[in-house]
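Asker: Start from chain A and add chains B, C and D according to the hints.
There are 4 protein chains.
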Amino acid sequence: MCRWLAYSGSPLLLDTILYKPAHSLIDQSLHSRMGVETTNGDGFGIGWYTEDTDTPAILREIGPAWNNRNLREIADHVTSPLFFAHIRASTGTAVQQTNCHPFRHGRWMWMHNGAIADFHLMRRDLTLLVDPQLFSSIEGTTDSEVMFYLALTFGLDEDPPGAVARMAGAVERCGREHGVESPLQMTVAVTEGRRVWAFRYSSQGASRSLFYSSRVDALRRLHPDMRFLQEVSEETRLIVSEPLGDLPGAWNEVPESSYGVVQPGADEMRPFTPQPV
Amino acid sequence: MCRWLAYSGSPLLLDTILYKPAHSLIDQSLHSRMGVETTNGDGFGIGWYTEDTDTPAILREIGPAWNNRNLREIADHVTSPLFFAHIRASTGTAVQQTNCHPFRHGRWMWMHNGAIADFHLMRRDLTLLVDPQLFSSIEGTTDSEVMFYLALTFGLDEDPPGAVARMAGAVERCGREHGVESPLQMTVAVTEGRRVWAFRYSSQGASRSLFYSSRVDALRRLHPDMRFLQEVSEETRLIVSEPLGDLPGAWNEVPESSYGVVQPGADEMRPFTPQPV
Amino acid sequence: MCRWLAYSGSPLLLDTILYKPAHSLIDQSLHSRMGVETTNGDGFGIGWYTEDTDTPAILREIGPAWNNRNLREIADHVTSPLFFAHIRASTGTAVQQTNCHPFRHGRWMWMHNGAIADFHLMRRDLTLLVDPQLFSSIEGTTDSEVMFYLALTFGLDEDPPGAVARMAGAVERCGREHGVESPLQMTVAVTEGRRVWAFRYSSQGASRSLFYSSRVDALRRLHPDMRFLQEVSEETRLIVSEPLGDLPGAWNEVPESSYGVVQPGADEMRPFTPQPV
Amino acid sequence: MCRWLAYSGSPLLLDTILYKPAHSLIDQSLHSRMGVETTNGDGFGIGWYTEDTDTPAILREIGPAWNNRNLREIADHVTSPLFFAHIRASTGTAVQQTNCHPFRHGRWMWMHNGAIADFHLMRRDLTLLVDPQLFSSIEGTTDSEVMFYLALTFGLDEDPPGAVARMAGAVERCGREHGVESPLQMTVAVTEGRRVWAFRYSSQGASRSLFYSSRVDALRRLHPDMRFLQEVSEETRLIVSEPLGDLPGAWNEVPESSYGVVQPGADEMRPFTPQPV
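As they're listed, the protein sequences go chains A, B, C and D. Residues 54 to 330 (this note's numbering) are what the first sequence spells out, left to right. Residues 54 to 330 (this note's numbering) are what the second sequence spells out, left to right. Residues 54 to 330 (this note's numbering) are what the third sequence spells out, left to right. Residues 54 to 330 (this note's numbering) are what the fourth sequence spells out, left to right.
It is possible that part of the hints are untrue.
Heads up, the list lumps identical chains together, so a pair's fine if it works in one copy or across two of them.
[Claimed, not checked] 20 Å max Cα-Cα, derived SDA-like pairs, lysine to any residue:
no. : residue 1 : residue 2
1   : Lys73     : Asp105
2   : Lys73     : Gly298
3   : Lys73     : Gly145
4   : Lys73     : Thr106
5   : Lys73     : Asp278
6   : Lys73     : Thr108
7   : Lys73     : Asp210
Don't read these hints as lab results, they were simulated from the structure.
Extracted from the complex, chain A is given alone in its bound form:
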């Protein structure tokens, strides 16, 4: 499995989130506490939006995040209002750039923690459900990328929560057809550069951990001495596989079978149910 984080808010030097926190994602690459694996060293990726371009920049490498100098450089010099970061623990699929998250299609970015159980049994059938126009854009061999292309097929552009629900429905139906009891396990983040949707779901109702940061105004009242909180806007929000530290009041668990939307204006949290396709 993997660990990831999504940041949205005041433009920030990536380092502030990626390296600085006590239990940062880089620390999690060596010492994850809540993940299935302690070590997430099978590649990593970051994707960030800039002011000048529509599509996000994506840097992916196949070595571990903890010793990567290019990641360190980017984190020290790049500022962004919306970025994803992902560290990978492969469950057998090849360690290659095209299997690293985030995945991109047009202005969309997607990343995933979890797995489709017995994916090798379903890979062909699920791949066939992908829009034939999109088929040749699949570059890797992960379940995560196929999930992304299914969501794109099922209307990600118009209705992100619905598209992800239909993707989940398709995976569960395909799983049943192959006799797989609990086919889907996922926390997923997806964005078009303005809003971020984050999903927590699993067929067996025991999903991988997922947390979101508290409202900045509430945190300021709790921790008036933390300068960092004064500098970011009230809209600033983090979604993470596991908390980046132990700040009391800072982290809230995303409920089982739910999704959240980080967006201009009030954020939302809603129930998530796979939909038949």
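Answerer: Chains B, C and D only, in chain A's frame:
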């Protein structure tokens, strides 16, 4: 496109063939004379059979062959009676280990120079022709690997030339269906560890170059002073994308639309025609 | 040897210079016309200054530039007023990140094309001339990095042209002591983020090629239809190992044994002579 | 720090030792129990002697061992009577091939676990002690490689234990000169292809763990049902940073400040004391 060589004969230190010749494959990685590209620096692979194991060992890396130290080490220390080597010039697909040749399935090895024209148009349809049992073993995104899996689907185990002919027939039919005029361009080598089949074919009848070495006994008569020729058995044979040097009488072109078989006993050269599937 | 370019001027998307020109540095990585080697595929690096940070960001990788996706991403999304790019053709030293240019020390960046002849004979003596305080910062094994640390030792911070002249003097003296006839061959670019110094020198008076772009106002008069020239400031300047295209009037050779300074206000071109140390 | 193993004995498929044991070195790369770090993912190396060549083959890569396919291939296909394997946890020096163990010089191989404390303070002085003829052969930036070159300088060819003792003496003297209290921490293995010397020493008398396997004849009596033990010769011996499993009676700790020699005939264990140089 790419360059490759296949060696079969007396057990030999890989260095003798890979680095020593004046225009060795390593030299071709920087200075190919007959290839579509001068530089073949988008990954490489070698596969060799040993006395003790049924399957070949395969080493593949994503950097250029010319500066790779691990390849140099293997070449300096490994001896084998049958090995393949391949240097890659990507035409756009990702530079990753799983796109490097040779590909392996069980005891079989496969490598390819050429391309399926407009492969992105046909990738889905061709992939669907692969035996569903084999589908999940596809790890990369090249036309070459899909060609291998089609050949496996169409009976490579029982009838290698027939299976390759049916693969070629399937590609040409699929090409016609998509309005691609000359879908297939290939030189292919395939082996199960005992015999080597080498194919030269293209839909337009203008195939990439392919050469085989002359009989060792004939070469000995021509070049009585070359010690190397005294040391290898009469069964020894090389098949190469382009000659490794300028030794008069050493190299013969494989005719258009033909395939050769290197095997214990007399080798063979036969016409090759795609077969409908 | 290698190829490089240095850009200083209006903040620009790196892609405009790195990929867009007909004979861009990326094209030169496969098809250099004026370099000692046609192929420069043994690693690459880019370094760029941002508005927010003092030190430049440096991205270096060991594969070829032409197929590197992270470089493509950075070029498509990063804007900078001053950046260096370098593609490497190793003459035997290891292909590793710490041997890729540009090198950085504090706010300084350095890159080099050329070689110290018989560097293995002089490596120990030259390394001993490096300030002991700086010694442990040397991370790679190239002559180029030792040249940088010698320049830092000899006063790069206070007097860049003098420091480089003393470095060159030290190399030539050391060469004479070891019986090396023409010890130094170099084109070097160095910057602290505001000015760029570019040197062309060789002991035998036959230096590697080096060009600088013409004044933007003159180019505008020559090519009133080129939109790109309207968009960049008059201070904009490029220094390159070989011209990026065939635009008449665009490129001027840096004279033998000279150095140029690109700086706010009038640029300069001056003679360069190694100085004894 | 790192983990390593040295094998000497009956020619064996590398897999038998590298992957098969419950707590194999590959398992230790993710889950070391006795190392300073749990994860040893900053590169790895294997070196093996063959029947046909004097020098060992060395394969080194910068990614983790646990997901490396080339290592898996070599382990599955290469048989050797004497091999080293090493997994690295960098303490800050660059992750690059030339910093991976084992190091080789001529027929010698060297690998190390531990560190020279405050190596950056001593790097220059220690490097200057290396024979000037050998200086330019240093390719990386590790303390381990400098230790190897010091041992070569101090007579490794004629008197391995004496050369290592003089290296240790030089490091401790240099440490004292720089005010470093406990300069040396090491377990080292070194071989010329016939004998293996393994050292355990640290300035503070609290050295990293090191174990050697029991005599094969004793193990056979203890475990008459283990087929593996019937197949290897009585001369077979393993030296490891930590035991590969929990077989009772199989593993013995190398005492503090000692070294062992694995050789044709009776093996030896002797005290180790640094010698002044």
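Asker: I want to check one pair: Lys73 and Asp210. Are their C-alpha atoms no more than 20 Å apart within a copy, between two copies, both, or neither?
Answerer: Classified as neither: same-chain Cα gap 34 Å, cross-chain 31 Å, threshold 20 Å.
Asker: From the Cα coordinates, with 20 Å as the cut-off, is the pair Lys73 and Asp105 best called within, between, both, or neither?
Answerer: between (27 Å within a copy, 18 Å between copies)
Asker: Check Lys73 against Thr108 for me: Cα-Cα at most 20 Å, and say if that holds within a copy, between copies, both or neither.
Answerer: Between copies only: 19 Å across, 27 Å inside.
Asker: Classify it for me, Lys73 with Asp278: is the Cα-Cα distance of at most 20 Å met within a copy, between copies, both or neither?
Answerer: within (17 Å within a copy, 49 Å between copies)
Asker: Can you tell me if Lys73 and Gly145 fall within 20 Å by alpha carbon in one copy, between copies, both or neither?
Answerer: So Lys73 and Gly145 pass the 20 Å test across copies only (18 Å; inside, 31 Å).
Asker: Is it within, between, both or neither when you check Lys73 against Thr106 at 20 Å Cα-Cα?
Answerer: Cα proximity of Lys73 and Thr106: across copies only (17 Å, versus 27 Å in one copy).
Asker: Within a copy, between copies, both or neither: where do Lys73 and Gly298 come within 20 Å Cα-Cα?
Answerer: Result: close within a single copy only, 10 Å intra versus 38 Å inter.
In summary, the structure is inconsistent with hint 7 from the numbered list given earlier, while agreeing with all the others.
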